[in-house]
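Student: All chains should be modelled from the sequences, with the hints used to inform the complete structure.
Below, each chain spelled out in residue letters.
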Amino acid sequence: MSTGLDPDAALMLRVKGGDAQAFEALVEKYKQPVMNLIYRTVPDATEAEDLTQHVFLQVFKSAHRYEVSAKFSTWLFTIARNLSLNEIRRRSRHPADSLDEMSAENDDQPVRQAEDSRAFSAPDLVLQGELVEKIESALADLPEKQRTAILLCREEDVSYEEIAAVLGCSLSATKSLIHRGRETLKQKLKPYLRTGVWNAGARG
Amino acid sequence: MSKRMNEADLNPLRDAVWRRKLSPAEESRLQSYLAARPEAQLEWEDELALTQALASLPQAPLSSNFTAQVMHQITREQRAADGATGRGSLWPDWLRRWAPRLGWAGLVLLAAATGFLYHQNSSQREFAQNVAAVPSLAAVPGPDILREFDAINQLRHATAASDDALIEYLR
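From first to last, the protein sequence lines are chains G and W.
Counting in the working numbering, the first sequence runs from 1 upward without gaps.
Counting in the working numbering, the second sequence runs from 1 upward without gaps.
Bear in mind the hints are in silico, worked out from the structure with no lab data behind them.
Covered stretches of chain G (in silico footprint by chain W; criterion: 3 or more residues with CB under 8 Å from a CB of chain W, positions within the stretch not fixed):
(1) 24–35
(2) 42–56
(3) 148–154
(4) 186–193
No farther apart than 25 Å at their CA atoms in a straight line, the calculated lysine-lysine pairs in the DSS-like style are these:
(5) Lys186(G) / Lys21(W)
(6) Lys134(G) / Lys21(W)
(7) Lys145(G) / Lys188(G)
(8) Lys29(G) / Lys21(W)
(9) Lys71(G) / Lys145(G)
(10) Lys71(G) / Lys29(G)
(11) Lys61(G) / Lys16(G)
(12) Lys186(G) / Lys134(G)
(13) Lys21(W) / Lys190(G)
(14) Lys21(W) / Lys175(G)
(15) Lys175(G) / Lys188(G)
(16) Lys190(G) / Lys145(G)
(17) Lys29(G) / Lys61(G)
(18) Lys188(G) / Lys21(W)
(19) Lys145(G) / Lys134(G)
What you are looking at is a predicted structure, and each value in this text was computed from that prediction instead of being measured.
We treat Cβ as the ideally placed atom computed from N, Cα and C, and that holds for glycine.
Tutor: So this is what it looks like as structure tokens:
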């Protein structure tokens, strides 16, 4: 195996050869970034999680077609975005249906073990919780491409070139999308951005 | 670092600030730029604050047994696929892949063969009917028909005058 090979691509090649453990490693690594992206497109936690499962199932089913021509994460986020967009289109046609109804036959699946990752550690972060709601709402109002570009931009391992590939845009168009999205967010969140409360809750 | 930093020089800094906190070196470049352009101070503060705000968004809620659920689904799907395709049977992969196309081709061949046989059968039946009709058409008349042959044959040699005489006689 080449030393320059993307480690995820190496895992994916093992998946292609039928290695389930390699696939489990990929799911473990990418479940949260994929869920983060989908949850902010389909803002229902249960449906977003179902859709995230579908993404990984799709990846597994397509493993035989996988070619190491791009980074694995680019391929994965492209599938995640496409499935989210399909779900939004499906919802607009059949607003009453949910993904749970679609996969009602999966009754023997392990029961979901919910985990509230939104809980903040200190009571004085209640204000931050409120501000998080504001920014979630402002993000939700952005056009899909701007939102996806900004969300992928948060992922440290995803370069601007990869974001462009996921969105099917040029690099300059992608940066323009991010710029415009951020300008909208700054306008909407201006009063909150200058409170300085963000420093307390910044990740990592 | 020159205080005359232009907009193009700022692009790498902007790209960085959209994603993460600036490194000390980047921070110092930015400060030198802002020292020359104090009116841009607020704008950059907003950029930095927005990046921090986006970074502080909580992770989306995800079941703790998510990976187990996915692996369970995959096992199910694989089992279902194996059942549907009869994997493990003596049928090779290529045959299972080509089965629908082979099925259709077989159907077309069967239809063509049935049509050909039907056509051949009806041709043979028609030929047999034609052959059966030949004896009745080719039946030779009996000798009675030749009994008046001589008299009739004489009529060919009759003259116009004898015809007139015959007509007169008949009147």
